[in-house]
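If you read the protein sequences in the order shown, they are chains A and B. When we follow the working numbering, the leftmost residue of the first sequence carries the number 4, and every step to the right adds one. When we follow the working numbering, the leftmost residue of the second sequence carries the number 4, and every step to the right adds one.
Any given hint could turn out to be false.
Each pair may be met inside one copy or between any two copies, as identical chains are not told apart.
Unchecked claim - In silico lysine to any residue, SDA-like type, Cα no more than 20 angstroms apart, as pairs: (1) Lys19 x Asp375; (2) Lys384 x Arg15; (3) Lys147 x Gly294; (4) Lys384 x Leu10; (5) Lys147 x Met116; (6) Lys19 x Glu108; (7) Lys147 x Ile184; (8) Lys384 x Phe325; (9) Lys19 x Ala112; (10) Lys384 x Phe16; (11) Lys19 x Ser369; (12) Lys384 x Gly345; (13) Lys384 x His118; (14) Lys384 x Ala14; (15) Lys384 x Ala25; (16) Lys384 x Ala94; (17) Lys147 x Ala136; (18) Lys147 x Val178; (19) Lys384 x Thr9; (20) Lys384 x Met116; (21) Lys384 x Gln196; (22) Lys384 x Ala169.
FYI, nobody ran anything at the bench for these hints, they're computed from the structure. All figures in this text were calculated on a predicted structure; none of them were measured in a lab.
Residue strings, one per chain:
Protein chains: 2
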Amino acid sequence: MDDMLTLGPNARFIGKPGSRAALDTPALLVDRDALERNIAAMAAHAHTAGVALRPHAKTHKSARIAQLQVEAGALGICCATLGEAEVMVTAGIPGVHITSPQVTEPKIARLMMLHARPHEGLSVVVDHPDNLAALARAARQAGKPLDVLVDFSAGHGRTGCADEAAVAALAREAVATDGTILRGIQSYSGNLQHISMRDERRSRALAQLDRLRGIVARLRDAGIDVPIVSGAGTGTFDLDPEARVFTELQVGSYVFMDVDYLRALKDGRNAPPFETALFVATAVVSVNAQGYATTDGGLKCFATDGPVPDVARGAPGSRYEFFGDEHGKLILPPGAPRPPLGAMIECVTPHCDPTVNLHDFYHVVSGDALVDIWPVDARGKR
Amino acid sequence: MDDMLTLGPNARFIGKPGSRAALDTPALLVDRDALERNIAAMAAHAHTAGVALRPHAKTHKSARIAQLQVEAGALGICCATLGEAEVMVTAGIPGVHITSPQVTEPKIARLMMLHARPHEGLSVVVDHPDNLAALARAARQAGKPLDVLVDFSAGHGRTGCADEAAVAALAREAVATDGTILRGIQSYSGNLQHISMRDERRSRALAQLDRLRGIVARLRDAGIDVPIVSGAGTGTFDLDPEARVFTELQVGSYVFMDVDYLRALKDGRNAPPFETALFVATAVVSVNAQGYATTDGGLKCFATDGPVPDVARGAPGSRYEFFGDEHGKLILPPGAPRPPLGAMIECVTPHCDPTVNLHDFYHVVSGDALVDIWPVDARGKR
Numbered sequence: 004m005d006d007m008l009t010l011g012p013n014a015r016f017i018g019k020p021g022s023r024a025a026l027d028t029p030a031l032l033v034d035r036d037a038l039e040r041n042i043a044a045m046a047a048h049a050h051t052a053g054v055a056l057r058p059h060a061k062t063h064k065s066a067r068i069a070q071l072q073v074e075a076g077a078l079g080i081c082c083a084t085l086g087e088a089e090v091m092v093t094a095g096i097p098g099v100h101i102t103s104p105q106v107t108e109p110k111i112a113r114l115m116m117l118h119a120r121p122h123e124g125l126s127v128v129v130d131h132p133d134n135l136a137a138l139a140r141a142a143r144q145a146g147k148p149l150d151v152l153v154d155f156s157a158g159h160g161r162t163g164c165a166d167e168a169a170v171a172a173l174a175r176e177a178v179a180t181d182g183t184i185l186r187g188i189q190s191y192s193g194n195l196q197h198i199s200m201r202d203e204r205r206s207r208a209l210a211q212l213d214r215l216r217g218i219v220a221r222l223r224d225a226g227i228d229v230p231i232v233s234g235a236g237t238g239t240f241d242l243d244p245e246a247r248v249f250t251e252l253q254v255g256s257y258v259f260m261d262v263d264y265l266r267a268l269k270d271g272r273n274a275p276p277f278e279t280a281l282f283v284a285t286a287v288v289s290v291n292a293q294g295y296a297t298t299d300g301g302l303k304c305f306a307t308d309g310p311v312p313d314v315a316r317g318a319p320g321s322r323y324e325f326f327g328d329e330h331g332k333l334i335l336p337p338g339a340p341r342p343p344l345g346a347m348i349e350c351v352t353p354h355c356d357p358t359v360n361l362h363d364f365y366h367v368v369s370g371d372a373l374v375d376i377w378p379v380d381a382r383g384k385r
Numbered sequence: 004m005d006d007m008l009t010l011g012p013n014a015r016f017i018g019k020p021g022s023r024a025a026l027d028t029p030a031l032l033v034d035r036d037a038l039e040r041n042i043a044a045m046a047a048h049a050h051t052a053g054v055a056l057r058p059h060a061k062t063h064k065s066a067r068i069a070q071l072q073v074e075a076g077a078l079g080i081c082c083a084t085l086g087e088a089e090v091m092v093t094a095g096i097p098g099v100h101i102t103s104p105q106v107t108e109p110k111i112a113r114l115m116m117l118h119a120r121p122h123e124g125l126s127v128v129v130d131h132p133d134n135l136a137a138l139a140r141a142a143r144q145a146g147k148p149l150d151v152l153v154d155f156s157a158g159h160g161r162t163g164c165a166d167e168a169a170v171a172a173l174a175r176e177a178v179a180t181d182g183t184i185l186r187g188i189q190s191y192s193g194n195l196q197h198i199s200m201r202d203e204r205r206s207r208a209l210a211q212l213d214r215l216r217g218i219v220a221r222l223r224d225a226g227i228d229v230p231i232v233s234g235a236g237t238g239t240f241d242l243d244p245e246a247r248v249f250t251e252l253q254v255g256s257y258v259f260m261d262v263d264y265l266r267a268l269k270d271g272r273n274a275p276p277f278e279t280a281l282f283v284a285t286a287v288v289s290v291n292a293q294g295y296a297t298t299d300g301g302l303k304c305f306a307t308d309g310p311v312p313d314v315a316r317g318a319p320g321s322r323y324e325f326f327g328d329e330h331g332k333l334i335l336p337p338g339a340p341r342p343p344l345g346a347m348i349e350c351v352t353p354h355c356d357p358t359v360n361l362h363d364f365y366h367v368v369s370g371d372a373l374v375d376i377w378p379v380d381a382r383g384k385r
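Isolated chain A (complex conformation) (with noise of 0.2 angstroms):
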């Protein structure tokens, strides 16, 4: 009953050949050796391509994850949130860099709580003046100087500097005031990741990447000391190198792969060469209907800001529809035998990061074996 509170009603198959199959459903599951292969693979080509790897625990929310990703050398880990990395710090992971600008009252003050701790290297993303004169306000206060790097926008306009102007004098504003330390720039590309096809992937990374080079170059040439260039993501990760701009790649998807990059591989187009290591386990509940089952999985467990889950395994040939918060429409190929009550339905996740941000638990799986659970630690953490 203590497993169940704390690691959820699957515990007690932990290290039980089989137990793969009999999970409580839904369950998200990660592939242990799939996800091993893929930290590996993208710390391969970081180590050959001579770029440091930060990667982004949005994904995967996960101090136990961010630590794999550590120990296979990357220098530290991403957050989209402040509370992410107030997780992230807590467990330990050195290198903690805020991607998203903290700009409010209670996000600075919580900012402050957090610097005030041990850590080994903690940064915040700054888009606008007024934020930085914040920043360094209270880090004087603190007593602490902070650690910022300037967000360029490139081209998405979600957060970050418009231009290579607006860069160029948050940059020299970050150096000249007494709280902060600029520790280099940030541009993350969000549009570009999903353009399907590689070559327009790669024409419309390089022009952004000409503009950020540009700017890295003006800011040194100043006189202005720029060690950290960070960005990319798993769809442009390996488009930099030829450019060698970045000094470091904030890449997140690669661990886990998704919906998305399955039908990539699937219809020819160039996917990135990581496996997919994300699943949920769900089970048909009703058999009523002709020509479909309906399962436990429904828009409480799959986010559907996306595609649509794949099916992965206990029904081949079948499409998955969503059926409402709690269900799942399994349509079955014409003439397929309608799987039983309670038959367990493996898919693939769609859009990884807010699948994973539904679940409290990873159920970490080696071939047909639930060999441990690890909790989603950052889940819902703003």
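Given chain A, put chain B in place with the hints provided.
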């Protein structure tokens, strides 16, 4: 720090005048007064109509709100998942009914553990003879018969028996089988709740009610006791009194309402007579673009399966668009001043149930003050 661990970073604001505008964002807000008025209005309707209430906890996943509903006269609470039911029974909520079939071995084992605990009434739906047999076998082993309701799909086809004959056969079997006690029939028309025009909603709901009335009458004529006929939702809560089929209503969304219902009110369609009580407070975190600002409310804090959030306060006339996992795009009307960095923007939630499921806490507000924080107890519980 203890409060931050248990009630999140806003615990220090409880009871402070003006604190609503100072909250750490993104924060799920529930307007306590509107919530209480909604609960009272539905209770008054049920009293007048001579029907009982067993509101659906899938909407709020909160033992506190369930308790308010019970105090206002509800005879129990519906739950979509076994995990929700575990939370509600633990909190001492009586009359917990599970509205989805529980068919897998792990679920039946957990159901029996719950059933073995002291509780005032626990029931579950069945829609298949194999599941009925499995439940009866488990209940016999536990030495404590289980209350069941036979589920009738009512045209939705998600769960439930497909036709009258199947309902009648399963009901007879539930009576005849040692280990189960037939308590009644459930029929929830999830497919009808959001039909926008009341006349169409009404005619389709009444057609389903005719079928349901026929089923119940035939069972009663055959000497089978059917004390409970459970169904309806916020979109059809007031249609049944004309038909007098249901003994109790499973209404859920009326406590909060959401963008769909707000839109119905705005464009003159016939929306249920309840108030919007649920919001998400977000903050402006980047202002470097023309015509829009970026907020800290993205698809990890708003459900994406329905409409987009409506901007309720802080940026009059603005529209919201999703802008990634952690960000929203606040599109300003032409010529409108841009809200400053850090400005709070409150949004009406899109589909309320899955939005609540993305949050750990209700920030309970009254006027301009935070007055309490309630955990979303059953968030993510399967």
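Hints not upheld, ascending by number: 3, 21, 22
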